[in-house]
Structures are given as structure tokens and as C-alpha cells.
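**Student:** Based on the hints, put chain W in the right spot on chain U.
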Amino acid sequence: EPEVTQTPSHQVTQMGQEVILRCVPISNHLYFYWYRQILGQKVEFLVSFYNNEISEKSEIFDDQFSVERPDGSNFTLKIRSTKLEDSAMYFCASLGVAYNSPLHFGNGTRLTVT
Amino acid sequence: AQRVTQPEKLLSVFKGAPVELKCNYSYSGSPELFWYVQYSRQRLQLLLRHISRESIKGFTADLNKGETSFHLKKPFAQEEDSAMYYCALGGGAQKLVFGQGTRLTINP
Chain U
29 EPEVTQTPSH QVTQMGQEVI LRCVPISNHL YFYWYRQILG QKVEFLVSFY
79 NNEISEKSEI FDDQFSVERP DGSNFTLKIR STKLEDSAMY FCASLGVAYN
129 SPLHFGNGTR LTVT
Chain W
5 AQRVTQPEKL LSVFKGAPVE LKCNYSYSGS PELFWYVQYS RQRLQLLLRH
55 ISRESIKGFT ADLNKGETSF HLKKPFAQEE DSAMYYCALG GGAQKLVFGQ
105 GTRLTINP
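Protein chains in written order, with the numbering used here: chain U, 29 to 142; chain W, 5 to 112.
Same shape as in the complex, but just chain U:
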């Protein structure tokens, strides 16, 4: 069964550095998402992306965050200048267009900001 893949599985970065989290969604999917989960807290929606543009974003997704689909296969989340509170698991997800298609999640990237 096709899967959403995320790299790296764990990223450690220093406060103020830029990080790029990478995702390869399932190939025929058209809707893409980033969620995050701070340790001990709920999974929170960050952003959705469709037709090469952001379709919805949450309050968390401020100017420090950006998403891109640079080459038709990768879907990236960039954090421009990381803060300690950005430490979390970041999950990528994708959705097909078939009716009742479920959301498929990647394994997540654990981001640690020191």
C-alpha cells in the first residue's frame, strides 16, 4: 500500500536556524497537509495545500512558516527562524480525490530546537 514518507525522522537544530521538513505524499493525491504535535498535547492543524496554493492555515502558521511543492512530488514545510516552542512532531498528510478517501499520514519528523 502506498505511504506518505517524511524525512528526516528526527531533526535537531539550534534556535534561530532555518529548517526544512520534507514529505513525499502519495503520488495521485491532490490535497496536502501539515499537522504538529507538541509533546503531551493534541495533534494540531497547521496548513492545507491544494492546487499549488495554501487553502487554509491556522493561527500557528505565522510568517515564520511556509510550504512549497517545488517539484510535483515533494511537499516541504520551512520554518524560517526556529524557536524553542517549535519543538514538536510534525506530521505530513495527503488526501486523494476519490469519494470518502481517508487522510493518509506520514510517520512524522521529530523536531528538537535547542
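In short, the hints are calculated from the structure, not lab data. Any given hint could be a false lead.
Unchecked claim - Straight-line Cα separation of at most 25 angstroms, DSS-like style, residue types lysine-lysine; simulated pairs:
(1) 77/W x 61/W
(2) 77/W x 13/W
(3) 26/W x 70/U
(4) 70/U x 77/W
(5) 106/U x 70/U
(6) 106/U x 85/U
(7) 85/U x 111/U
(8) 70/U x 69/W
(9) 70/U x 13/W
(10) 85/U x 70/U
(11) 13/W x 61/W
(12) 13/W x 26/W
Stated by the list, open to error - What follows is a list of derived Cβ distance ranges for each label pair:
(13) 68/W x 87/U: 24 to 32 angstroms
(14) 140/U x 13/W: 22 to 30 angstroms
(15) 81/U x 34/W: 23 to 31 angstroms
(16) 87/U x 12/W: 26 to 34 angstroms
(17) 70/W x 100/U: 44 to 52 angstroms
(18) 128/U x 66/W: 15 to 23 angstroms
(19) 58/U x 55/W: 18 to 26 angstroms
(20) 38/U x 19/W: 29 to 37 angstroms
(21) 71/W x 100/U: 44 to 52 angstroms
What the hints assert, rightly or not - Listed below are several chain W residues computed to face chain U (Cβ distance under 10 angstroms; list not exhaustive):
(22) 42
(23) 47
(24) 90
(25) 94
(26) 95
Ideal Cβ positions, reconstructed from N, Cα and C, are used throughout, including at glycine.
**Tutor:** Just chain W, lined up with the frame of chain U:
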């Protein structure tokens, strides 16, 4: 505003006992509700959704609009059911709103 509440962070039951994981939601429209499961070191997986009205791995969940609930139930727990369970609201191309999650532990 959309909100999902899972009142129990931790739930521990013995193997063979019935399990009920509670989920309540707040949504003004017609809700789509889901249960996701995350086994140790694995990704979030869809367990079931209310529109399917199916039973997966012995789990069922009924949408009760009057009580705004979507509790997950299984009559006889198995050790392999130990996992994190998340109730979620939304669906289609919409964002999902997750509850806090319940860590279910099945004791032998």
C-alpha cells in the same frame, strides 16, 4: 468553533474486558467524525469513520447527535489494542480537528 474533547488521557483495562473511549464534539454543522489510532512508533492510521458504520478490529462507534458524542467501543479488549486513540472532527478536504487523545493500555 469546532472542538473535540476526549476526557480520559489514560485508560487501562484488563484483557477481555469491554472498552469505551469517550469522545464529545462541538460543531454547528453536520459533523464528520473519525477515530485514528497510533500504535507504538507507528503513524496515525484511520481506524473508522462514522459514515462507514463499520466495525474495524472489533471496534465500533456510533454518532449520537443528541449527545454530540462519538464514543469508541469494543466488547472484549485484546493486548494488541494498546495504543493512542484520537477522535477527530472534519473530513473531506477540510482540516481535521483532533481531541487530546486517550492512551489505552490493555493489561494481561
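**Student:** Compare the structure with each hint and give your call.
**Tutor:** Against the structure, the hints come out as follows:
1. 77/W x 61/W: holds (11 angstroms)
2. 77/W x 13/W: It holds: about 16 angstroms lies between the C-alpha atoms, which stays within 25 angstroms.
3. 26/W x 70/U: holds (15 angstroms)
4. 70/U x 77/W: Within the cut-off at roughly 21 angstroms; holds.
5. 106/U x 70/U: holds (21 angstroms)
6. 106/U x 85/U: holds (14 angstroms)
7. 85/U x 111/U: Holds - the C-alpha atoms of residue 111/U and residue 85/U are around 19 angstroms apart, at most 25 angstroms.
8. 70/U x 69/W: Holds. Residue 70/U to residue 69/W sits at ~23 angstroms (cutoff 25 angstroms).
9. 70/U x 13/W: holds (11 angstroms)
10. 85/U x 70/U: holds (17 angstroms)
11. 13/W x 61/W: holds (22 angstroms)
12. 13/W x 26/W: Roughly 10 angstroms between the alpha carbons, so the hint for residue 13/W and residue 26/W holds.
13. 68/W x 87/U: 24 to 32 angstroms: holds (30 angstroms)
14. 140/U x 13/W: 22 to 30 angstroms: For residue 13/W against residue 140/U, whose Cβ atoms are near 23 angstroms apart, the range 22 to 30 angstroms holds.
15. 81/U x 34/W: 23 to 31 angstroms: Hint holds: Cβ distance 27 angstroms, inside 23 to 31 angstroms.
16. 87/U x 12/W: 26 to 34 angstroms: holds (27 angstroms)
17. 70/W x 100/U: 44 to 52 angstroms: For residue 70/W and residue 100/U the Cβ distance comes to about 47 angstroms; the hint holds.
18. 128/U x 66/W: 15 to 23 angstroms: This hint holds: roughly 18 angstroms between Cβ atoms.
19. 58/U x 55/W: 18 to 26 angstroms: holds (21 angstroms)
20. 38/U x 19/W: 29 to 37 angstroms: holds (34 angstroms)
21. 71/W x 100/U: 44 to 52 angstroms: holds (45 angstroms)
22. 42: Check passed: Cβ of residue 42/W comes within 9 angstroms of chain U, closer than 10 angstroms.
23. 47: This hint holds: residue 47/W lies near chain U, its Cβ roughly 5 angstroms from the closest one there, short of 10 angstroms.
24. 90: OK, holds: residue 90/W within 10 angstroms of chain U, min 6 angstroms.
25. 94: holds (8 angstroms)
26. 95: holds (8 angstroms)
In summary, the structure agrees with every hint in the numbered list given earlier.
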